[in-house]
Amino acid sequence: MSSYSAPAAPRRTLVWIGIACWLVGLALTAFFVVRIVASAPATPQPAEGTVTLTEKGLTIWSSIPVEGEPCGVQDAQGNDVPLVDPRGTEQITVNGDSWYVVARSAEPVPAGDYAVECTDEVDGAEYGVGPRTTVTSFVLSIFGAIGSFLVFGAIGAILFTIGMVRSRRAPVGRVPGYTPPPGSPAPPVNQSFPAPPPYVPGPNPDRPQDR
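Each residue of the sequence shown is one higher than the one before, counting from 56 in the numbering used here.
By construction, these hints were calculated from the structure, which means they are not laboratory data.
Warning: the hint list may mix true and false statements.
Straight-line C-alpha distance at most 25 Å; calculated SDA-like pairs for lysine to any residue [claimed, not checked]:
no.	residue 1	residue 2
1	111	191
2	111	100
3	111	133
4	111	127
Okay, the calculated beta carbon distance ranges per label pair [unchecked claim]:
no.	residue 1	residue 2	range
5	111	213	38 to 46 Å
6	81	131	36 to 44 Å
7	223	163	52 to 60 Å
8	209	253	53 to 61 Å
9	213	161	43 to 51 Å
10	224	86	35 to 43 Å
The structure displayed is predicted, hence computed values, not measured ones.
C-beta atoms are modelled at their ideal positions from N, C-alpha and C, and glycine is treated no differently.
Kindly generate the complete structure, drawing on both the sequences and the hints.
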């Protein structure tokens, strides 16, 4: 003898997946916003003698484009810090002042005090030191925040809408694909009941007091 379980209510899987997409999009957007704040360009410290870095890594900037590596860096123990040239031209503008990347540490050095010495071979060049950041990471963080919000927001909205439409169209008390067991009565279709007879004043033979 076979048994049949009662039909379940319409599932809203797509609705929950859509909500999950929204939550993922918000989480990724918040992550990239934090990255934007962390990698936002800031005015470099003047490269004069000893500079203190509060973040790991080191980047040397100049007020005008220069060639070669005009600066040398040593850590607090007097060891030379290896520097590498940037890949291409990197420029930032902070408070109306433009700065160009001259070199950055080959590896992210720890925060601390560093002795920086720059030889100005170009008239009017000023040098500054800042954390080891790249303009590319700042730009990618912006696109990541916008893309996460738009892509996951759109996917979540589409899935949520489709799920709500399907749940409203599904028969009450059944799930799509449910087949009632043999012998079950067919569901009523446009079931109607006869209207009550009109009221007739006067004696009514159906009432004992009027017989």
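Hint check results:
{"no.": "1", "hint": "111 / 191", "result": "holds, 18 Å"}
{"no.": "2", "hint": "111 / 100", "result": "holds, 15 Å"}
{"no.": "3", "hint": "111 / 133", "result": "holds, 18 Å"}
{"no.": "4", "hint": "111 / 127", "result": "holds, 18 Å"}
{"no.": "5", "hint": "111 / 213: 38 to 46 Å", "result": "holds, 42 Å"}
{"no.": "6", "hint": "81 / 131: 36 to 44 Å", "result": "holds, 42 Å"}
{"no.": "7", "hint": "223 / 163: 52 to 60 Å", "result": "holds, 55 Å"}
{"no.": "8", "hint": "209 / 253: 53 to 61 Å", "result": "holds, 60 Å"}
{"no.": "9", "hint": "213 / 161: 43 to 51 Å", "result": "holds, 47 Å"}
{"no.": "10", "hint": "224 / 86: 35 to 43 Å", "result": "holds, 38 Å"}
In summary, the structure agrees with every hint in the numbered list given earlier.
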